[in-house]
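A.B. asks: Take a look at the letters that make up each chain.
Number of protein chains: 2
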Amino acid sequence: MTPFRVRILGSNSSQASFGRFLPSHLLTVDNKSYLIDCGEGTQFQMTKYKIKRNRIQAVFISHLHGDHLFGLPGFLSSFHHFNRYEALRIFGPPGIKQFINVCLDASFAHLGYSLYIHEITENDVPSLIFEDNKIEVFAFPLKHRVPTIGFRFNEKVPKLNIKPDAIERYRLSVDQVKELKSGRNVILSDGNVLTIQEACFEKAIARSYAYVSDTVYDESIVEHIKEVDLLFHETTYIHDLVNDARDRMHSTTKEAAEIAKKAKVKKLIIGHYSSRYADITPFESECKEIFPDSHMGVDGYVFDIIK
Amino acid sequence: MTPFRVRILGSNSSQASFGRFLPSHLLTVDNKSYLIDCGEGTQFQMTKYKIKRNRIQAVFISHLHGDHLFGLPGFLSSFHHFNRYEALRIFGPPGIKQFINVCLDASFAHLGYSLYIHEITENDVPSLIFEDNKIEVFAFPLKHRVPTIGFRFNEKVPKLNIKPDAIERYRLSVDQVKELKSGRNVILSDGNVLTIQEACFEKAIARSYAYVSDTVYDESIVEHIKEVDLLFHETTYIHDLVNDARDRMHSTTKEAAEIAKKAKVKKLIIGHYSSRYADITPFESECKEIFPDSHMGVDGYVFDIIK
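Sequences listed follow chains A and B, in order.
Going by our numbering, the first sequence opens with residue 1, and the numbers climb by one from there.
Going by our numbering, the second sequence opens with residue 1001, and the numbers climb by one from there.
There could be a bad hint or two in this list.
To be verified - Listed below are the simulated DSSO-like cross-link pairs for lysine-lysine, each with C-alpha atoms no more than 27 Å apart in a straight line:
id, chain 1, residue 1, chain 2, residue 2
1, A, K267, A, K288
2, A, K48, B, K1134
3, A, K178, A, K163
4, A, K97, B, K1097
5, A, K48, B, K1050
6, B, K1288, B, K1266
7, A, K50, B, K1032
8, B, K1226, B, K1178
9, A, K307, A, K226
No lab work stands behind these hints, which were simulated from the structure alone.
Let's have the full structure, built from the sequences with the hints guiding it.
C.D. replies: Okay, structure coming up:
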């Protein structure tokens, strides 16, 4: 089965602390990767975890607070060390275009690849904002102090694969093969029906990942993240600081777990820990009380979705 | 004796590699500090080395290549965690003002302190660009691919201190004490001359530091760094790559040592190593052949000037 993997590159919020870097996730689907948020030092984490950065197709920035953004100029500039020629797309809230252009111009950066920057406005969400042959990416609004976007990555269902001996055995035409690959049964020349179950390998099931950072507790996102295989939801605070979370428009452990439960997701990753916490183990235990399949996201951790 | 200390926060060039971060030095004179260059991750190094960042009075950026610059937005934004209220001055080449303002505006940064950004043009160098009660800072031109500035930090000679018993013994007036502290002998009421040698503690000797990064080999800088106690001169390459150095407008080991020798400096620190080098020990030995008091600068290293 092809990989569908989320790698945590940074799990802290605001400031790097206790060895935890600033927000960044890498989603890898088969041989393509997608970067989500890019805090200062993200390029160092890529070196540390031996990330093949030329596989990155697109970058998705949730919002423009510095802890999610300030690694971008260094990441974009340093591609000349990796001989990148393939175009790169960047998606983020309004303002990201000027930020990137000024940083690159001021620093005399020469990019050997084309950069396409897409600003996602409030009017653009919820919607499909990107697709390639591996994934579709949907953006939806989050409620934070500044314009913020959540992202849902849906794997594209691969076409069915015909079993090697089926073509000869059933004397299939090119058109019949196309029909079967597209998921439709065909009628053979003897009048019998050949089902996809007989002719094809078992169908792969599309996998999905949703990234929710930063947001206050907000049930309106449930419809956008419904039944994803893997949900990342920020948990800046342990639940005893729920008032601080409300004030700063962040979420607590119990709130993230509640959203995971309501959205019937398969697995929850938590992170975006406040730098006040040296020990983050209570985050996981608090979430598990409400949503048992909750897991701490920590720098370097990998979550594979296997179906 | 008050400290006059240079701390290396990052010693690599272009990309962080082999545990070496991007260019940044911290000069501390008594209870005040001055930051020189600010590559991505500089704020992480400050945390690692327990730097008291509220003591930083001013930031000096040599040029706007990303490896010397991209740590600045994070450094400036995160002062709210340290309750900084004191104004901060930043000096750098033209373009730095727009870079900083766009980064801070885009990321909704709220600074609790005043920021004064000074652009140093080609016409402004060489000249005195900054002074406070501890130091004077002179800027001078370097020859690199983009506008680049070298900096010389001269400690201000502290006023003389009167020996505690001298005032009573010689019945000194307030004006006479002022005269002595300013370095002038005084005539006592009995007609005798009281010398500063008799009345005062031995005078402290001003110390100095010069920062030269990035530059091609250039003897025209010698006059600006003459006889400094401590010279940092970039050594991007071992001397066998002198042609690469010329092409990229950088310096080699032997070139840096030659400049140190011609300028009759007391001690040379080297750094700004290309990320091609896993082992940097040959840098020091090559420099020592020409200038024996040469020392590798590596992240975390401290150089104290004691006179």
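A.B. asks: Taking only the CA atoms, is the gap from K1288(B) to K1266(B) under or equal to 27 Å?
C.D. replies: 13 Å, holds
A.B. asks: Are K48(A) and K1134(B) close enough, with their CA atoms no more than 27 Å apart?
C.D. replies: 41 Å, violated
A.B. asks: Keeping to a limit of 27 Å between CA atoms, is the pair of K97(A) and K1097(B) held or broken?
C.D. replies: It holds: about 18 Å lies between the C-alpha atoms, which stays within 27 Å.
A.B. asks: Is it true that the CA of K48(A) sits at most 27 Å from the CA of K1050(B)?
C.D. replies: 23 Å, holds
A.B. asks: Against the 27 Å threshold, does the CA-CA distance of K178(A) and K163(A) hold or violate the hint?
C.D. replies: Given pair K178(A), K163(A) holds - Cα atoms ~13 Å apart, limit 27 Å.
A.B. asks: For the pair supplied as a hint, K50(A) and K1032(B), confirm whether the alpha-carbon distance does not exceed 27 Å.
C.D. replies: This hinted pair is violated, its Cα atoms lying about 40 Å apart.
A.B. asks: Taking 27 Å as the top limit, are the C-alpha atoms of K307(A) and K226(A) close enough?
C.D. replies: 17 Å, holds
A.B. asks: Taking only the CA atoms, is the gap from K267(A) to K288(A) under or equal to 27 Å?
C.D. replies: With Cα atoms ~11 Å apart, K267(A) and K288(A) stay inside 27 Å; holds.
A.B. asks: Against the 27 Å threshold, does the CA-CA distance of K1226(B) and K1178(B) hold or violate the hint?
C.D. replies: Judged against 27 Å, a Cα distance of about 32 Å means the pair is violated.
Checked against the numbered hints above, the structure violates hints 2, 7, 8; every other hint is satisfied.
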